[in-house]
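Asks: Put chain S on the given structure of chain B with help from the hints.
Number of protein chains: 2
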Amino acid sequence: MPSSKSEKQLSTIKEKLVAIMGQENVDDTMSGRLAYSYDATPNFQALPDFVVSPRTAEEVAAVLKLCSDTSTPLYTRGSGTNLCADTCPIKGGVVLLMKHLDKILELDKENLTITVQPGTITKTITDRVEQEGLFYPPDPSSMKISTIGGNLGENSGGLRGLKYGVTKDYVMALQIALPNGELIRTGGKLTKDVAGYDLTHLFVGSEGTLGVITEATLKLIPKPESQKTILALYQDIEAAGRSVSSIIAHKMIPVTLEFLDQDTLKAVEDFAHIGLPTDVKAILLIVQDGPKEIVDRDIHRMAELCREEHAVDVRLAASDAEAEELATARRSALSALARLKPTTILEDATVPRSEIATMVRAIAEVAKKYKVRISTFGHAGDGNLHPTCLTDARDKEEMERVEAAFAEIFEKAIELGGTLTGEHGVGVTKAPYLEWKLGHAGIEVMKGIKQSIDPNGIMNPGKVFSEQSKQRMVMMK
Amino acid sequence: MPSSKSEKQLSTIKEKLVAIMGQENVDDTMSGRLAYSYDATPNFQALPDFVVSPRTAEEVAAVLKLCSDTSTPLYTRGSGTNLCADTCPIKGGVVLLMKHLDKILELDKENLTITVQPGTITKTITDRVEQEGLFYPPDPSSMKISTIGGNLGENSGGLRGLKYGVTKDYVMALQIALPNGELIRTGGKLTKDVAGYDLTHLFVGSEGTLGVITEATLKLIPKPESQKTILALYQDIEAAGRSVSSIIAHKMIPVTLEFLDQDTLKAVEDFAHIGLPTDVKAILLIVQDGPKEIVDRDIHRMAELCREEHAVDVRLAASDAEAEELATARRSALSALARLKPTTILEDATVPRSEIATMVRAIAEVAKKYKVRISTFGHAGDGNLHPTCLTDARDKEEMERVEAAFAEIFEKAIELGGTLTGEHGVGVTKAPYLEWKLGHAGIEVMKGIKQSIDPNGIMNPGKVFSEQSKQRMVMMK
Numbered sequence: 001m002p003s004s005k006s007e008k009q010l011s012t013i014k015e016k017l018v019a020i021m022g023q024e025n026v027d028d029t030m031s032g033r034l035a036y037s038y039d040a041t042p043n044f045q046a047l048p049d050f051v052v053s054p055r056t057a058e059e060v061a062a063v064l065k066l067c068s069d070t071s072t073p074l075y076t077r078g079s080g081t082n083l084c085a086d087t088c089p090i091k092g093g094v095v096l097l098m099k100h101l102d103k104i105l106e107l108d109k110e111n112l113t114i115t116v117q118p119g120t121i122t123k124t125i126t127d128r129v130e131q132e133g134l135f136y137p138p139d140p141s142s143m144k145i146s147t148i149g150g151n152l153g154e155n156s157g158g159l160r161g162l163k164y165g166v167t168k169d170y171v172m173a174l175q176i177a178l179p180n181g182e183l184i185r186t187g188g189k190l191t192k193d194v195a196g197y198d199l200t201h202l203f204v205g206s207e208g209t210l211g212v213i214t215e216a217t218l219k220l221i222p223k224p225e226s227q228k229t230i231l232a233l234y235q236d237i238e239a240a241g242r243s244v245s246s247i248i249a250h251k252m253i254p255v256t257l258e259f260l261d262q263d264t265l266k267a268v269e270d271f272a273h274i275g276l277p278t279d280v281k282a283i284l285l286i287v288q289d290g291p292k293e294i295v296d297r298d299i300h301r302m303a304e305l306c307r308e309e310h311a312v313d314v315r316l317a318a319s320d321a322e323a324e325e326l327a328t329a330r331r332s333a334l335s336a337l338a339r340l341k342p343t344t345i346l347e348d349a350t351v352p353r354s355e356i357a358t359m360v361r362a363i364a365e366v367a368k369k370y371k372v373r374i375s376t377f378g379h380a381g382d383g384n385l386h387p388t389c390l391t392d393a394r395d396k397e398e399m400e401r402v403e404a405a406f407a408e409i410f411e412k413a414i415e416l417g418g419t420l421t422g423e424h425g426v427g428v429t430k431a432p433y434l435e436w437k438l439g440h441a442g443i444e445v446m447k448g449i450k451q452s453i454d455p456n457g458i459m460n461p462g463k464v465f466s467e468q469s470k471q472r473m474v475m476m477k
Numbered sequence: 001m002p003s004s005k006s007e008k009q010l011s012t013i014k015e016k017l018v019a020i021m022g023q024e025n026v027d028d029t030m031s032g033r034l035a036y037s038y039d040a041t042p043n044f045q046a047l048p049d050f051v052v053s054p055r056t057a058e059e060v061a062a063v064l065k066l067c068s069d070t071s072t073p074l075y076t077r078g079s080g081t082n083l084c085a086d087t088c089p090i091k092g093g094v095v096l097l098m099k100h101l102d103k104i105l106e107l108d109k110e111n112l113t114i115t116v117q118p119g120t121i122t123k124t125i126t127d128r129v130e131q132e133g134l135f136y137p138p139d140p141s142s143m144k145i146s147t148i149g150g151n152l153g154e155n156s157g158g159l160r161g162l163k164y165g166v167t168k169d170y171v172m173a174l175q176i177a178l179p180n181g182e183l184i185r186t187g188g189k190l191t192k193d194v195a196g197y198d199l200t201h202l203f204v205g206s207e208g209t210l211g212v213i214t215e216a217t218l219k220l221i222p223k224p225e226s227q228k229t230i231l232a233l234y235q236d237i238e239a240a241g242r243s244v245s246s247i248i249a250h251k252m253i254p255v256t257l258e259f260l261d262q263d264t265l266k267a268v269e270d271f272a273h274i275g276l277p278t279d280v281k282a283i284l285l286i287v288q289d290g291p292k293e294i295v296d297r298d299i300h301r302m303a304e305l306c307r308e309e310h311a312v313d314v315r316l317a318a319s320d321a322e323a324e325e326l327a328t329a330r331r332s333a334l335s336a337l338a339r340l341k342p343t344t345i346l347e348d349a350t351v352p353r354s355e356i357a358t359m360v361r362a363i364a365e366v367a368k369k370y371k372v373r374i375s376t377f378g379h380a381g382d383g384n385l386h387p388t389c390l391t392d393a394r395d396k397e398e399m400e401r402v403e404a405a406f407a408e409i410f411e412k413a414i415e416l417g418g419t420l421t422g423e424h425g426v427g428v429t430k431a432p433y434l435e436w437k438l439g440h441a442g443i444e445v446m447k448g449i450k451q452s453i454d455p456n457g458i459m460n461p462g463k464v465f466s467e468q469s470k471q472r473m474v475m476m477k
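So the protein sequences, as listed, match chains B and S.
All residue numbers for the first sequence refer to the UniProt record's numbering, where the first residue is 1 and numbers rise by one.
All residue numbers for the second sequence refer to the UniProt record's numbering, where the first residue is 1 and numbers rise by one.
Okay, chain B solo, but in the shape it has when bound (with noise of 0.2 Å):
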């Protein structure tokens, strides 16, 4: 659904975009826009009016003015991997495609920093500060092909995140244009930086509903000097839930603590063909990394633990190849369920990881009383699941069932202290559901914030806030 404005309104803005960043910049074509009407999220699709494709913070700058003045929905995007709908443009307008910005401008070894422009792929900053013994630790699975503005905008996630954290963790300085034309600077190299609100963790995360990130400069920490990986097997969930819990009340931090259940095993065993255990009921793939000795000694005891959690085995993976093929597959699972069905739903209800067991076992439960198919598979050490439905959207009463099945999904997750979304973002799909987590008072707090910094409405409008809110199952404590 284009924008709802005249051919003249439209000349006139196509005029405008022009004179901004050239003609060869901006695409109206039927082909043009058809490519960016959808992005990785399941039946979302809308057609924007033009495709834009920006050189310079200025330029960007200047259209987030234009399409201010002009009330024209703007809507950022980088490699549009997200899973919420974030990059569709449902409300028509500009597509704002950040091909151009894709270089990486600084890598600062005595401050330990790289300052990129957000188109950069965020696997190309890895492997960049990696040549150099630095490491940047988030790790969403899209990164071979995710931007890096993308993560910015989504707070990205990823198999580290127990021990490292996301990527706000390791934001230290944005460029930002603002709806009103302004570009601005927060933070900077600085660990230690109180000057005014903290307006750079305000920034990522926010879905490109407040501005756009024009640059960004990033953390990095030295590399960490050796990795050992293990697979623990179980023939009970619950097992592997109380191996999470034990394994932290142990004091120790696993850089990798990943939960699959025996579907997910299933799917990607059939995928990948590396030899994963298809006969048993779950999985923790458990990473720790550091010193040599120290890695040996906590991956050690991490087994022990494990066993005496009764699971079934434990294996080592026996070199670094072996341990990077089991991280490949793990981060196959989605595309390895998406394989036995034509929809696929993956969701990243969150809970506190003391509620993993519990909350494996909702699921499971909510699947049976929906007669709907859930696979499940996550990241056990942070709480952050993703509950997958295989079904088909063109059967309309099945998808009203998956719908129910997930709605309670996420009304457990909030009883056990949870939230709605890990890593995924809000976007469209889960919106409605936003207040459950937040209260109305919330919503109302960030709906004032947005609306100071984006009093049009232009920045990704339709996302993150409804307009209508689902009604909960159950009233709530």
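A hint or two may mislead.
Identical chains blur together in the list; that is why a pair holds if it fits in one copy or across any two.
[Stated by the list, open to error] Straight-line distance between alpha carbons at most 16 Å, and here's what the computed EDC-like set of lysine to aspartate or glutamate pairs gives:
(1) K251 with D108
(2) K251 with E130
(3) K450 with E467
(4) K251 with E132
(5) K251 with E225
(6) K219 with D169
Derived by calculation from the structure, the hints in this document are not laboratory data.
Replies: Below, chain S without anything else, positioned relative to chain B:
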């Protein structure tokens, strides 16, 4: 200066305050008002109309609503140890004491969190968690008397910032009372949570200008197994600066990397009598923690690097007790200096750590130019210096030179990519300079946020945002 309300208005407000929390928690005696007319910042004093002490979050929210409805200034206060006049009630009105809200509500060993009320003393929290083998790293020098609520409001730093970050890096969830009388909750016991904007980090460090934090859930980590401390002595300040860079460039991140110049050393030794060297131009106090074998290795390497950079001596603290004595001596630097002259003005201009040597040199030049006495110490590892001016507030002419000197120091810090304040906050003292760091557009964004949450401007009025920005002496590029 009490607020400009009439006797009648004040009497109505008093009645309502008494209705909220009882006569015994509303003090309008002159002695009570005088006691809270100033804080740890020199040269600021103003009389509030009331000093109130709510017992619950609901009472806090009710006070905020009353103040908002009656446009009464509200100043939230813990122990008043801040150094930017943030708790001085410069426009009169209500001082909100958090003394009754001083409980540790929960220590969750499975999720590694502690939930506290804002009036809890910082050291009470660190002592409690260390009993369990856990660790809350932020350690502002005032931690024996500061409250966690104050630390949250200021986003306090400390001596361990280099490796472990600052207060905001350990805040997982908040309960906040808003000026509209609502209580909201942000975050959760969740490493990953992207449900809406990051209000947690917006409120942390907002210096009481947006709302009142009534409860906080803090992240804990396992307590490091061991710790070692060395002192490196220098006859050349630049060599100390180069040592800092060299350690980081060799991919070691010590917990603590403190710098003290000769003036500070002499003052501290006079105060503490622990045998600090006073015949050298500067020292670095370096601490590493972690598994014993790694600490030994790092400390050995760091000592070598200091010697390579021409440290005249490197001494290893012989015992934990001696190391603790050194840390305590460092924490006493401000008190030690404060004994020497009637007025002590301590700033915390901060630069990227690569610029430490340049900044120390610039401070010395400025002191010479304005003929003022400035001692410098601070957190060299994270570029956070505390140039401290020993002066006498009664000497107007000298105070003008002091002010001009600090303005030039701020300007230099910003020129080097730094900031006005690393950990002490903007408050009243740095407000006129804030625009130098943020630009007009950046300040406007912050003001818009403030306006959306606190439309009547009752929260800590007169702080952070200045009515008049200082002119910069030279135009920066």
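Asks: Would you mind marking each hint as holding or not holding in the structure?
Replies: Now the hints, each set against the structure:
1. Taking identical chains as interchangeable, the C-alpha atoms of K251 and D108 lie at most 16 Å apart only when they sit on different chains, with a minimum of 13 Å there against 33 Å within one chain.
2. Taking the shortest Cα distances, K251 and E130 sit within 16 Å of each other only across copies (13 Å), while inside one copy they are farther apart (28 Å).
3. Taking the shortest Cα distances, K450 and E467 sit within 16 Å of each other inside one copy (15 Å), while across copies they are farther apart (25 Å).
4. Taking CA atoms no more than 16 Å apart as the test, K251 paired with E132 passes between copies only; the shortest distance there is 10 Å, against 31 Å inside one copy.
5. Proximity of K251 to E225 under the C-alpha cut-off of 16 Å is restricted to the inter-copy arrangement: shortest distance 11 Å between copies versus 21 Å within a copy.
6. Within a single copy, K219 and D169 get their C-alpha atoms as close as 8 Å, and across copies as close as 14 Å, so both meet the 16 Å cut-off.
The structure agrees with every numbered hint stated previously.
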